[in-house]
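As a plain string of letters, each chain reads:
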Amino acid sequence: MTQKPKELNAQSVDRRHFLRSAAAMIALPALESLPVIGTAGAASAAPKAKNLVSIGAYLGWHQNAFYPKEVGRGYTLPNTLSPLADHQNDFTVFSGLDHRAPNGHGSWSNFLCGNTPNVYSMDQIVADQIGQRSRFPSVQLTAGTGEGSKAMSFTKQGIGLPMIQRPSVFYKRLFMSEADKTRMEYMLRSGRSSLDLVLDDALRLQKSVISADRDKLDEYFDSMRSVEKRMERQISQINDPLPTTDYKLPDTDPITPNLLMEAEALMYDLMALAIDTDSSHVLSFFIDGLGQVFSFDGVPLRSGYHGLSHHGNDPEMIRDLVSIETAHMHCLNGFLNQLKEKKRPDGTSLLDETIVLVGTGMGDASRHSNADLPTLVAGGGFDHGKHIAIDASKPEAPLLGDLYITLMQQLGVETNEFSNANRNLNQLFS
Amino acid sequence: MAKFVSETRRMRTTLLLPIVVIASTLSLQANTEIPIPEKPLQVLEDYCLDCHDEFEQKGDINLERLAINWADKGERHLWESVHHMASEGMMPPSDERQPSPKEREALLAWLDSSLLEHTPIGGTLPRRLSAEEYQSTIRHLFDLPDYKLPLGFPKDSEYHGFNNVGKGLVLSPPLMEAYTNVAEEIANTIYPPKRTTPPSTTRTAGPNDMVLSFSAGKVVDDALLLVSRGHEIFRSCSWPSRMEIMSSGTYRITVSAAKHKPTWGGPMKLEIRARELTASDRSRADIFRVLKVMDVPSTEPTKITFEADLYEGQTLLFRWMNGDMAHDYSKFAKQMREWFERDKRWLAAWQHTVFPNGDFSEIRGSVIRGRSGWEYLSKALADPGLDMSRATMDDPLTVKFLEMADSNQGMFNYADILCHYYFTNGPAMEFHEATIEGPLKLVDGPREILAKELQQRFTGTRQPKQSEIAFARETLETFLPKAFRRPVDEQTIDTYLGIAERHLATGNSLDTTMHLLVRNILISPRFIYRQTSPGELDEYNLANRLSYFLTQAPPDQQLLELAHSGKLSDPKTLREQAIRLMPRKPTSAMVQSFTGQWLDTNLLPEIMPDPKFKFSEAEIALAEKEVEHFFTEILTKNLPMTDFIDPDFHYTTPQFARNNYQYSYLSQKNNSVSNILLQFNLEDFHQEIEPILEKTCYSCHGPDEQKGDFRIDKLNPNLAEGGDDILWLDVMDMVANGKMPPAQANVSITEKERGLIVDWIAPIDLSKGSDYERSRSDIQKLPLDRGSRFGGLLAQSAIMTATANGVDTQPVLRGVWMLENILGMPPPDPPEDVPALTPDTRGATTPRDLLSKHTSDKACYSCHQNIDPVGFVFENFDPVGNWRDEWPKIDTRIDPSGTLPDGTPIKDITDFKAWLVDNIDHFSQCLSEKLMTYATGRVPNYSERKEIEAIVEANDEHGNGFQDLLLRLIASDTFRAK
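The listed protein sequences derive, respectively, from chains A and B.
Residues in the first sequence are numbered from 1 upward in steps of one, following our numbering.
Residues in the second sequence are numbered from 1 upward in steps of one, following our numbering.
Source of the hints: derived by calculation from the structure; they are not laboratory data.
We put the CB at the ideal spot given by N, CA and C, even for glycine.
Check before you lean on any hint, since a few could be wrong.
To be verified - 25 Å max Cα-Cα, derived DMTMM-like pairs, lysine to aspartate or glutamate:
{"no.": "1", "chain 1": "A", "residue 1": "LYS181", "chain 2": "B", "residue 2": "GLU184"}
{"no.": "2", "chain 1": "A", "residue 1": "LYS156", "chain 2": "B", "residue 2": "GLU158"}
{"no.": "3", "chain 1": "A", "residue 1": "LYS172", "chain 2": "B", "residue 2": "GLU312"}
{"no.": "4", "chain 1": "B", "residue 1": "LYS482", "chain 2": "A", "residue 2": "ASP196"}
Unchecked claim - Derived, one-sided and incomplete: chain A residues facing chain B with beta-carbon distance under 8 Å:
{"no.": "5", "residue": "SER190"}
{"no.": "6", "residue": "ASP201"}
{"no.": "7", "residue": "PRO300"}
{"no.": "8", "residue": "HIS311"}
Build the full structure now, drawing on both the sequences and the hints.
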């Protein structure tokens, strides 16, 4: 028996409901004029953003070093975010949001899936709406080796999507070499031309069976036609100029765990290139972590990454953990720099059109708690610069899913619900 | 029903089948309407049409007509449901005027005979292979037993509870793309793209180019130190970060290393292995190939150079083979114990580091893992005022520490600290540099070796002078029948040969031609679908159906040969083959796939029970295994169907049964062990045995101390009255075997005393036989008294968990589940306008009060009178199946009673089980229909259900064995019709 999550539908959002949720946020000094509750209608105008990059850190972000002490604008940058100083007005920090999901490493995928892990993830909802406009409807990347088969993105069917771990593989997909191109063309042309004979035989088979069976086999032909069309499209585009780049990767892929930061930096470079060349609009990036011991400025940390995440509130352990998380933010800073520097012909930057969501599925790895997930949103045409603190203890406090609804609407996805959330954060964040 | 009752009669209908089906095919084409006879027409008019006429169409049901076109499938479905509602008394609703029994019978008799007459047996649509079947087919076809579908392969959708039903097995464009990708992947595995020889390069890795993981290594003074000889590579080994081999070949390897602060004279040994860079860092070192064991004799760097083959994706892995310490809890604990014995300061420093308050109020574990712990420890060692007062071996702090050191988790924490001692003080292995030069020449790696084997299997050997096209034809002639699982006609072979001809003609090589053939064969509908042949279920289709049903794999050689000779459809042969292929192990694909889908236990991994239930992931896995063992036991031993409901055994671990089923081994009456134990005089125990335990064990496991949380003096030895059987036996066993008391303990036991205990326990050992191994964590058959609340499918943890949501129970959901999957009386879909039941958080009402509307509202009542009682009877089982007497939060005693659909009142679960045993055919019918759905890929229709009914009845009259039932089902027309 499948357990359906309790469905909250749009009709159940009544006025009382809204008032209560507003009350939950009253603690915020930054509550500006009371806006109209966002509706799907808001999305009917041209979308304000066109790319979504979702970044999730497996071992979480230490809350005390991620959340600013002050709320609203003009807060002092906390340690973890210190590398992002140049961009303070390009991002917003959220505290107190989560999906009310189960705890533990096993439920980590609640980050993009919401209340129920391993179901249709937010990035895939977006990809299914806007992904088709680009060569790669969505891209899943990972840096570092951890526990293996985890997935961060899940299709509508709930299938976890495999992630590309090697920068060289992603690079080859973006910028094919002549040899790759020749091989691909051979595969396409040989596949396409032999397909006719396979279909002849299939047709002969179909003709031999009774009519009910014949109708069932139509599914085969319909599906084949779509494969055929895809092949033909690719063949016709095979000589289209592919994006080119002067960018060079190192000789070997940094896939050993100690080279996590290097892998991260390369993936960020490639993601910026992918966005710049409109190769993909929806990218997700998983930052894994296990026992690797990092050295910063030649000094090894006192324990492996995973070991540090179980800091038990030991200040020394926390300091080392935060230094790793700060290093992640250095890499992110490089990414934001690139997005900001690269301009479209009309003068807008890539960052203006790209929502960068940084978060995790685990709020406190030391206790394996998945409540209160540190979240940061950069770019995407929002009014940034604030720390928005949600008091989750208040009834009807907004959920992380409500923020996701706002993000999706910004990308032109007409929706009023996500997982267990059916409101939005438009009145706080627009 | 009588039509199918006798076996001989059944055989005759089998022989007559072709004619019957031709007749019904004809009747399908004849679009004639048959008038409804007068009597049933009158009943319909009097009792049904008020609501279900052309005008009202309540619930979108319109029964107003004078004649019925039985050839129309939709019509048949409609009247089947009329029959169902009328026979179950669900219609007319109880507050409406009811037909007399005679009138009802007239309606039912007419419907029954019309439905039987007009519903032909058979009608499965061509089925594509389900994802599971597809994977297993590829494994068998290419002999790749470890082949796994790629991550992201589309899932099958469920139809009537199963993922292999023709109707549900939709072929969609994304799935076709996935098939195309798999075909390409397999083709690349058999015929890998040509390798080019890369230029030879020289790469060097120094101490700072190496991976440091946990406390496995540390760079000190320009050398990398290795200190542990642990098994898991991420705790003991190091490997270069940027030395991945891109092409399998022979390489020249140079390594230099030195002894670091040695404490003895002999050589240190550095082990050099080849690891796959993408293998898990948790891997054990010994799964990787040893390239060299290097002797390191001196504190001056020694350099060796050797040649070795390295394969694509590999790099070097280094471990100090004869290091002082190991990440192994028994060895680690032993090393620490001996060290404590000779160095009290060392002991005091550890006490101080792990127990900062001098007691157990704070125990530092993972928090101080690695360098943090070492900093605490070295500070304590250097402290002149270090408190030495408790540095004795029998101090509780010492005892506790050694206990933790002797457990997996504790060992990792503290061994990682000890590593840092060695980094500082030695001895350690100093790694200086590794260089790889090459490839000197290319060699076949695992990929190339596998490809050659696969090519040989795919094409066989090419004869001398055989033309390329003749070779391709020969390959197709042998391979296509295997891939398509049936004989292949000339025209089909010619079609595929055409692909080869065209490809060769444009100047392509034979290998790429074969590569192209594989890509195309694997996307042919003849490979993807089964049952695509025209006409009846022929011999080959029967072979496929039988094989995929019982083994989830394509038919083997023997089946295909029997099909070829036309013998498989012979009832005797079919039976023999069914017995041969019958699953025998709980790990059989059929057992796992069928039980997982039938009982929804395949949902278990996704259910995360609330931590308050203390039902661990390991227990969830065990619960799933229990179902598989239980099912297999009943099947292979041909136990009666009633054993599904009320067996005389559990099939799980004693520990699981104890934790979840209130199980006590020796309290079972029919148990030989307890019979023997009953003969023991408790007074003898108190006189002879207890004093020995008192003297030997109570000091550590008694009132003053409970090592390992274990207290013996409180165990109840009165086994005759349900004493602490297993725990108690464990104690006796450990003493008898000399495991206890531990050698280093301050107590001793004389041989005479041990002898007394051995004597005491000996009869128990003798009696345990094969069905009771005392290992508490082994899955085994445990004796059980029939009639218990636990035992049988219904109360199994797996099912109670799968029918809840991990947080709370919902009687309606469990009730519907029971009706659908156990009783075979699926209720109609719920009306759409009913709000979901919201659990009452104020705690004022019981679930019963919340659902009281079901009985007060007539519209609800017609269905819920069936659903609610079989749901509420399970309310005593919490969301993970543990027993509870009260509803949580509201402190109200659970009322599980109710009245079953046939009017039988039940008090609780044992009543319900007793009723089901008395009415076992309901269950047998339900399970048979599920099995047939899984086997044939279609939901049994009216006539087929009638045939199954007759089989169930006949089987019940002949011992009601489950295996017998399965064999009868395989012999049925329903199984054998397309």
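Hints, verified against the model:
The suggested pairing of LYS181 (chain A) with GLU184 (chain B) holds, with an alpha-carbon distance near 16 Å, which does not exceed 25 Å. Our distance criterion of 25 Å between C-alpha atoms is met by LYS156 (chain A) and GLU158 (chain B), whose separation comes to about 15 Å. Between LYS172 (chain A) and GLU312 (chain B), the direct Cα distance comes to roughly 19 Å. Compliance with the 25 Å bound is thereby established for this hinted pair. A distance of roughly 23 Å separates the Cα atoms of LYS482 (chain B) and ASP196 (chain A); the hinted pair therefore holds under the 25 Å criterion.
Checking SER190 (chain A) against chain B by beta carbon gives a least distance of about 5 Å; that is within 8 Å, so the hint holds. A least Cβ separation of about 4 Å between ASP201 (chain A) and chain B falls short of the 8 Å threshold, and the interface hint therefore holds. With its C-beta approaching chain B no nearer than about 7 Å, PRO300 (chain A) sits inside the 8 Å limit, and its interface hint holds. Interface restraint check for HIS311 (chain A): the shortest CB-CB distance to chain B comes to about 7 Å, inside 8 Å, so the restraint holds.
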